[in-house]
Structures are given as C-alpha cells and as structure tokens.
Amino acid sequence: MDMKVAKKLGLKERYNLMTRDLDWEPSYQAKEAIYPFLEYEGIKIHDWSKFEDPFRLTMDAYWKYQAEKERKLYAILDAFNQSNGHLGVTDARYINNLKLFLTGVTPLEYMAHRGFAHVGRQLAGAGPRVACLMQSLDEIRHAQTQIHSMSNYNKYYNGFQNWRHQHDRVWYLSVPKSFFDDAVTSGPFEFMVAIGFAFEYVLTNLLFVPFISGAAYNGDMGAMAFGFSAQSDESRHMTLGLEMIKFLLEQDPANVPIVQRWLDKWFWRGYRVLTLVAMMQDYMLPKRVMSWKEAWEIYAEQNGGALFADLARYGIKPPAGWVQACKDKDHLSHQAWAVFYNYGAAAPFHTWTPSAEEMDWLSSKYPDTFDKYYRPRYEHWAEQAKEGNRFYNGTLPMLCTTCQIPMFFTEPDDPTKICYRESDYKGDKYHFCSDGCKDIFDHEPEKYIQSWLPVHQIYQGNCFGPDADPTSPDFNPLMEVLKWYKLEFGQDNLDYEGSPDKKNFEAWRAQATKN
Amino acid sequence: MQIDLRTVSITPLRQTFNHIADRLGGDKAASRYIEATMDVQANANFHYRPTWDPDHMIFDPARTAIKMKDWYAFKDPRQFYYGAYTIARAKMQETAEADFEFVESRGLAANFNAAAKKTALEFYLPLRHVAWGANMNGASMCAYGYGTAITQPCLYNGMDQLGIAQYITRLGFTLGEPSDLDAAKKAWMTAPQWQELRRLVEDMLVVKDWFELFVAQNVVLDGLLFPLAYQHVDNALQTQGGPVVSMLTRFQSEWFAESSKWVDACLKVGAGETAENKALMSEWTKKWRDRAVKALAPLATQALGAQGDSVMAELTDQFNARCNKAGLAV
Ligand SMILES: [Fe+2]
Ligand SMILES: [Fe+2]
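So the sequences go chain by chain: A and B. Just so you know, we're using the working numbering here: the first sequence kicks off at 75 and counts up by one. Just so you know, we're using the working numbering here: the second sequence kicks off at 741 and counts up by one.
Please keep in mind that the hints were generated in silico from the structure rather than gathered at the bench.
Taking lysine-lysine pairs in the DSSO-like style, the calculated list, with each CA pair at most 30 Å apart, reads: (1) A/Lys401 <-> A/Lys446; (2) B/Lys768 <-> A/Lys143; (3) A/Lys124 <-> B/Lys926.
Isolated chain A (complex conformation):
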C-alpha cells in the first residue's frame, strides 16, 4: 500500500517534496534578514515558484552518478600516469596549454565553487538554491580533478609548480582572476547572468571544446578524461543558466534592461578572457583542431546567434560588443600570441614562432589577414632568433583598466592602429582597450578603480620580495618581479627552443620509444 502511494506521485511532485517543500515561510525572522542581498540590484522577483527546476536530482542520485564518474576518471588518470602517458603527447609544446590552463582556469573553477555556494545560499527560491549548490559542488570537483590530472605533469615539466602563487600575481593571470573577482563581487543576480548564463551558456563551448578536443588531438588522455568527465556537469550548468535568464526576464519587464546591460558587460568580459583560448588554438596546440575563427563561427555566430534570436521575444538584443567580436575573429589570436612572444621572459610558460608549415596553416585559415599583417612579423622574429637574437621585450605594457589585457588590440576597422580609449574619473585618467571595456568602467567606476593592475603594482613597488633593494645600483626590476612571481628564469620562461622541457621530453621519449 505504501508503495502505491509513493508510485502515485509524479516525478515532478516527488521532486518538489524532496526540495521546495522543505522550505517554509519564516515568521521569527524577516525574509529580508535571511536573504539580505536581493533588493539592491534592482531586480524584481514576484514569484520564486515560477522557476522551473532545470534538472531533478536528489542527493542520493547525485552521489551515485558522480561517484561512478570519479571512479572512472581516477582509474584513467592512474593508468595514464603509470604508463608515462605524458610522453605520448604530440610534442612538449602542447604541455604549455596545460600550464596556461592550471594557472589561469583551474583557480576560476574554485571561484565558481565558492560563488555558487554564495548565491546558492542567498537566492530566496528553494529551486534555484538547490541547483546552485549542486553546481557549487560540481565546481570544486572541476578544480580538484584538474589539479590532480596536472599534478603528474608537474612532476616532469616546469611552469606548473607555483600555480596558486602565480594566479594571484602574474600580469596576464590577472585577466582571468579579475574576471571572476568581478563576478563574485557583483550581486547574486548579476553573478547568475555573468557566470550561469553568459559564461556557462554562451561562451563555455569556446573554452572547453577547443581545450578538450585539443587534448584528444594531441594525445593527452589525462586532460581529455577530466574534460569529458565534466561534460555532464556542464550540461546541467547550462540548463541552470538558461532557466535563470528566462526566469529573470519573465518575472518583470523592469528586469529586461538590467539583464541587457549585464549581458553586454559579461559578453565582453568573457570574450576578452577568451583571447587566451584563441591564441592557444591557433598557436599553442602542435596539432590543431580548428582555428579560433572557425570555432567562433560555430559556437558564437551560429549557436549564439540562434540563442539571441530566441531571447528577442523578451526584448533582449545581442550583446553590444557582438559585432566587434565578429570582426576581430581574423586578428585576435595573432595579436595575442605576438604579445606573449614579446613578453616570453615574463611568463611561466614557453613561447615560439610558428614553423613554416604552421604558418601555411594559418594563411589558409586566415586568408584575409595572416599573410598581410602577421606573417611578416613572425618571419622576422624567426629570422632574428635563428641569428641568435631572440627578441624579448624588457619593458612593461600598459594595461586596460577593465579587462587588464595589455593594450594591443587594434581598432575594429583598422588592424594597423592600436585602439586606445580613456575616461577621466575623480581627477585620474583610466585607459581601455576597447569601447566595451570603457563602457563597463563608465558604468561602475567605483568598482574598477579598485583593480589590482599588475603593471601599476610593479611601478608602485608592490611586486618585489622583501630582500629587494631598489636603491642598489645593479637593481634589475624585471628580475626582481620574476623572483617575486617565483618564476625560475631560464627554466619556466623563455623560448621553447632550448628549454629544459624540450630537452627532457625528447630524451625521455627517445628512451621510451627505442627498441
């Protein structure tokens, strides 16, 4: 008889009793005291129960599925490590992608974990709270499985060993760090639009597909395994992000312009972070999956275009920076890699010029721009390097106050002219790489004047060790900053050619493949 009762309940009803029905209307404490952050962003929610659960997972099912995935993943990692799987990658240049990932992306997974714990506590609806807390749990999984799969690379290659320290200090790592700091310091609704929707739904494929397919193409079973294992988590996160945006838009028409502004902002913030992915795809994978331009066309222009067409019924327009981002696709990766090549002494991974074959690939993928604007530059550098004059830029670049990327992007309609924008605020001048970054600043100057800009910090003397003596005659500021970064000069940085990584990989691989 009891069984019949249980069966009579529909899945949705049963799930309701397992989640929403656990909640109650408080009477001893005011709702505003329990959920204090829901008013100040201007978002109006009239009925939390209208939020449709994006997936219906009870904790017992969650533990069961996730444990199964963890068992499989760690079995693959163990096997990969035991068989020195790292020697099976295309060549050791590939490993620099992983360094970029561990120092730049993994800490963001962790931030997502804490950020979703925060919104999973603060949203006043029981449905979204449960979904957010499961995402919080998933995100610590992502951070940890990434740490664990890179842990073995760290044993054999340089540039992984100080990921925590470097994420919080190194000049280009402030780009992803400030992105996520920006999101978690926003209100809970903006966080959901920024991370839940703009990042997880609109941009995530541009980060993960190239990276995971890149791992697969380049023989890295370890990284591929955690990527594939995270995919079912990601699809849950995507449905949460989409449901959240629809919920916000449907609750009150006054929410629409607020959400639109967030979409404009977070599309641009996310797109700027993806600059690192663009250069990874076109320059850092020894075996390429697809060009940045192709990925942009599929995942942004096609999929994103369809999404914004769908959201048009709410009065939502494609993000303000969309048109410029589509124009930039022919330039982004080439300009970014050129900058990293320049500053190859100041980054804990290796850089190189593309081989002749690789340049031909770039020409074929970028027929309108590569030969015209970028090939001559890379050929010149390659030439110089051959003659023993590998170029390293010893100066410090000016950074965009908002995205914190060096000011190297060109004008949307003139690839020969660097784009500069500026704003005055309270007697100071602030610089930006683009209209998108300037708009973001102008809307919330009090937030962005707080930015911890690595280059400013260096000039202010905040990036030297306690034993550095700027008054001594042989004081070398760059070397002192690198020391403070815990970057081992000549080991973690400089060109791939001549690096210990290259030498070790080749020797070990020869040992493992000789008969």
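Following the hints, put chain B with the ligands in place on chain A, whose structure we already have.
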C-alpha cells in the same frame, strides 16, 4: 596519434607543487586530499570588494571573530576531497537504498506497530525542515568561511543535510503518505512543541559570524538532535515495533558518527589555537546549547513521554563531556 611507449622509469623533477612542498616541509609525494585542498583558495590581491559586503575582501578571515595563524590547520580527518567524498556517500546511499528496498518489498511498514508509526511520523517528518536549514547554513559556512580546508567539508556537510532532509521525506513516503508530510509541515509552522526549534533554526539563518554558525549548527544542534533522534527515539521505537525505523534512518546515524569526527577535530584545532578562541567558542556553545536543549525538550517528551526529560539531561551531559574533551570549557 598513437605512440607505443615502453615502460621506462624516468626521474621526476619534483614530487609536488611548491606550495604543497612548503606545507609538507620539503618536496615529498602528497596525497590527493592535500593537493586538492591546501591553499587552493585565493588569499591575495583581490581586485574588487564585494558589492554585497564592502567591508570585507572576497575571502576575508575577519568574517569571524575566531583568529587563526593558519586557517589550513583545520584539516579533515576523513581526508575528503570531492572524489573521496562522493565515493564515501555513494556507498552509504547504496546501503540506505537496500534498506528502503527491504522495508518496502517486505511490506514492513504496513505491519509496523501503529502507535510507533504515529510517533515516528510526528517526530521525524518535521525534522526535514531542520535539515533544510542546516543545508543553508552549510552553504553559508562554505561561502563566507576562510580556507579550503574548512570551507570544503562545510559544503559537503551542508549537502549531506539536504540528503538527510530527502531521506526523511522518503521515510514519510514509506511509512506514511504525502499527507503526513503536509501535517508535519503544519506542525512545524504552528504546533507549540515545534516553535522553539523553528525559532532557533530561523535565528541561525541570520547569524553573521560563520564560525559561530559552525558551532551553533554542526556542534550544538546536530550534536544534540542526532543522538536524540537516531539513538534514543530510534531505540524506543525499536522496542515498540522492531527495527523498521532504524533501517530507514541508518544513513543519519552513520553520518552523524562520521561527521562528528570532523567536527571534533575542528573544535580541537580552533580552541587549541588561543585562549581567546577557546573562550569565544565555549561561550557560543553554551549560548546555543541552552537554546537547543530548551527547543528539543518538548519534542523529547512528545516522542519519549515521561523519559523525555531524563534523556535530555543525559544527552546534555554527554554533549558537555564531548565538547570539553574537544578542548572547550562548557
Ligand atoms: Fe566548471
Ligand atoms: Fe579591455
């Protein structure tokens, strides 16, 4: 591309990440728990202050009055990182599933002593709301706490409480009917004997100091409620009608035994750090204990009748002894 690799032994350049080696006092092989936990939280050069809490940094040790030289002293004796955690819970849910299955397939619920069933439904079902509050508090501790070593298990614990709320709901399905859940919620909202507890839970939801919340929830309320519910009330029902309820609540009793090891370890570390911490944590414990004892007393009476008071007195003694053993003075 596929390369055939012979098994060769190559000498690693290092055993672990540098921040882990610093923790271990040298470059040594580190466990997965250690690599996934130590210093994983950012602690420097935050870019912006939270718009929702401009007085603090994103992660800020000043969100509690407890002071630690090193927040990573709070290691979890269970060594739970995500993989170890989910695998441990998957095993427990497998057992729970088998228990529910057994009770349901043998029709044990239908044959369960009617008086015992009534007691069980009336006592256990409102507790799903208590567990729901505990879930929210776990999220708080994770979000506003400091250092992955303690924030990580706080989320795991909070999600365990959601699982517990769901197991109690299932107990309702198995032992009773959905209308019993409604009746229990009504009791939670209006019945006099539940109001002190509901007030306590709602008051915990607005506690700002996350370590005080840790004490109020994980140490005090769980420390008194779980032994009452899953030892004393369970024992009484067992005497009355056999082990049906024990089977349907096994998850909770196993969980409490395991989770307490972690909670005690945190108490030891926190109170052992300074006399000030010890005094503050002891004060919090006493404050919340007195409220929790008062809130649970009518429920102990509801479930245990005349025994209720003496059971509460015994539980309070045991609770005090546990806290004092873990380094508090209560
Ligand atoms: Fe993730
Ligand atoms: Fe910018």
